[in-house]
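K.L.:
Position chain B relative to chain S; hints supplied.
First to last, the protein sequences are chains S and B. If you read the first sequence in our numbering, its first letter stands for residue 1, the second for the next number, and so on. If you read the second sequence in our numbering, its first letter stands for residue 1, the second for the next number, and so on.
Hints were generated in silico from the structure; no laboratory data involved. Positions of the beta carbon are idealized from the N, C-alpha and C atoms, including for glycine. Accuracy of the hints is not assured; some may be wrong.
Claimed, not checked - These stretches of chain B come out as covered by chain S in the derived footprint (C-beta under 8 Å, 3 or more residues): (1) 114-124; (2) 167-178; (3) 205-215; (4) 220-234.
Claimed, not checked - Selected chain B positions facing chain S (in silico; Cβ < 10 Å): (5) Pro69; (6) Ser71; (7) Tyr144; (8) Ala199; (9) Asp238; (10) Ala267; (11) Ala315.
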Amino acid sequence: MAVEVRIPTILRTYTDGAKAVDASGATVAEVIDDLEARHGGIKERLVDGGDLRRFINVYINDEDVRFTGGVDTPVKDGDTLVVLPAVAGG
Amino acid sequence: MRYDDLLASVGNTPLVGLPRLSPSPDVRLWAKLEDHNPTGSLKDRAALRMVVEAEKDGRLRPGSVVLEPTSGNTGISLAMAAKLRGYRLVCVMPENTSSERRQLLAVWGADIVSSPAAGGSNEAVRVAKELAQEHPDWVMLYQYGNQANADAHYEGTGPEILEDLPSITHFVAGLGTTGTLMGVGRFFREHKPQVRIVAAEPRYGELVYGLRNLDEGFVPELYDETLIDSRFSVGPGDAVRRTRELLEQEGIFAGISTGAILHAALAQAATCVHAGESADIVLVVCDGGWKYLSTGAYEGTVDEAEARLDGQLWA
Numbered sequence: 001m002a003v004e005v006r007i008p009t010i011l012r013t014y015t016d017g018a019k020a021v022d023a024s025g026a027t028v029a030e031v032i033d034d035l036e037a038r039h040g041g042i043k044e045r046l047v048d049g050g051d052l053r054r055f056i057n058v059y060i061n062d063e064d065v066r067f068t069g070g071v072d073t074p075v076k077d078g079d080t081l082v083v084l085p086a087v088a089g090g
Numbered sequence: 001m002r003y004d005d006l007l008a009s010v011g012n013t014p015l016v017g018l019p020r021l022s023p024s025p026d027v028r029l030w031a032k033l034e035d036h037n038p039t040g041s042l043k044d045r046a047a048l049r050m051v052v053e054a055e056k057d058g059r060l061r062p063g064s065v066v067l068e069p070t071s072g073n074t075g076i077s078l079a080m081a082a083k084l085r086g087y088r089l090v091c092v093m094p095e096n097t098s099s100e101r102r103q104l105l106a107v108w109g110a111d112i113v114s115s116p117a118a119g120g121s122n123e124a125v126r127v128a129k130e131l132a133q134e135h136p137d138w139v140m141l142y143q144y145g146n147q148a149n150a151d152a153h154y155e156g157t158g159p160e161i162l163e164d165l166p167s168i169t170h171f172v173a174g175l176g177t178t179g180t181l182m183g184v185g186r187f188f189r190e191h192k193p194q195v196r197i198v199a200a201e202p203r204y205g206e207l208v209y210g211l212r213n214l215d216e217g218f219v220p221e222l223y224d225e226t227l228i229d230s231r232f233s234v235g236p237g238d239a240v241r242r243t244r245e246l247l248e249q250e251g252i253f254a255g256i257s258t259g260a261i262l263h264a265a266l267a268q269a270a271t272c273v274h275a276g277e278s279a280d281i282v283l284v285v286c287d288g289g290w291k292y293l294s295t296g297a298y299e300g301t302v303d304e305a306e307a308r309l310d311g312q313l314w315a
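Just chain S, with the same shape it has in the complex:
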């Protein structure tokens, strides 16, 4: 499953400055593993012990994956995966 992954500014040091990169996998975890293969070092910034880090939010087609199965959330061809740091609103 090929997906577009949007990278936040703070993690673009791993993608040579690219805002969006391609990756593939059938689940969020597989996409992150593929990202790591292409952009070494990025995985440990996103996950810790198999779960998403506290200040990292991941969205598939704008829905927060923490409510759809976490890193086991299935990914379809053409989906967009957005990574954003958690920031304050209000």
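P.N.:
Quick look at chain B alone, frame taken from chain S:
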């Protein structure tokens, strides 16, 4: 409706149907009009409750200085409450917020300390915490971690909605301090657990996510993810488009964050239609559009408006 004073009139807002935006007679949308509060936003509920609780526990006394990090509405609500109760208010506000919000704070007599645009409200929180250390006599109510924020919705917003619409199936609100969703979410978990609690989170331009490192990330202390069922990230393009649809089809002139909430609500409605389920979906109208006129959100094409909002804290 008669009240002893302005503060007593907070809450008990209208719930109105949105028949033109509802996809079918069985899947209906309803808007909770929080712009009907005294300063024109949902935040009057939390601000009043935080002040009252701080008075009760003795933290606020006549002549106290109240300190709060806020991107706008909470500050405006606190400024009104502080004026009526005799406190001075100092707001820490990111510099990339609309000029109307600054003007309104000044009108109500609040002092404004600006925090850097990069980092958004994170920076406002950081600066406010520094100020609190420098001025130990100031009282920071701290909406992100103050239980009174959520309690205002647990005891007010939630029960009002259930009384007006016992058939409610979904509640959709914005996720900022998380106070609305935590309070209403907990109320429905206890009183009608089948109601789905849906969060719409504004997705800002890159400037706002410009943290120096990920350890500076922020999750409000109030946030408990077990109280919500799904969470959507909504960008400025979708938010502006829906804000305009709400105006054109239902005549409601709302702020941009309400457009983001409507976007998530319409997605829930479409899912229900597809599944053949009936639904009564309540969404929150956080405030009116007045404070956002200068952002250009209501002029030109949606793309132009989206471009103008880049880097601004529009929700």
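K.L.:
Is the hint on alanine 315 (chain B) kept, meaning its closest Cβ partner in chain S is under 10 Å away?
P.N.:
With Cβ-Cβ at 7 Å, under 10 Å, it holds.
K.L.:
Take the shortest C-beta to C-beta distance between alanine 199 (chain B) and chain S; is it under 10 Å?
P.N.:
Since the shortest Cβ distance to chain S is 8 Å, the answer is holds.
K.L.:
Can alanine 267 (chain B) be said to touch chain S, with a Cβ gap under 10 Å?
P.N.:
Holds - the Cβ of alanine 267 (chain B) comes within 10 Å of chain S, reaching about 9 Å at its closest.
K.L.:
Hint tyrosine 144 (chain B) vs chain S: min CB-CB distance below 10 Å?
P.N.:
holds, 7 Å
K.L.:
Against chain S, is aspartate 238 (chain B) within 10 Å by beta-carbon distance?
P.N.:
holds, 8 Å
K.L.:
Do three or more residues from the segment 220-234 of chain B put their C-beta atoms closer than 8 Å to C-beta atoms of chain S?
P.N.:
holds (count 9)
K.L.:
Test coverage of the segment 167-178 of chain B by chain S using CB-CB distances below 8 Å; three residues minimum.
P.N.:
As far as the segment 167-178 of chain B goes, the hint holds, because 4 residues have Cβ atoms under 8 Å from chain S.
K.L.:
For the restraint on serine 71 (chain B), tell me whether the closest CB of chain S is nearer than 10 Å.
P.N.:
holds, 6 Å
K.L.:
If you look at each residue in the segment 114-124 of chain B, do at least three have a Cβ nearer than 8 Å to any Cβ of chain S?
P.N.:
holds (count 5)
K.L.:
Three residues minimum, CB to CB under 8 Å: does the segment 205-215 of chain B make the cut for coverage by chain S? Let me know.
P.N.:
holds (count 9)
K.L.:
Please check whether proline 69 (chain B) passes as an interface residue: C-beta within 10 Å of a C-beta belonging to chain S.
P.N.:
Holds, because the Cβ-Cβ distance from proline 69 (chain B) to chain S comes to roughly 8 Å (cut-off 10 Å).
The structure meets every hint from the earlier list without exception.
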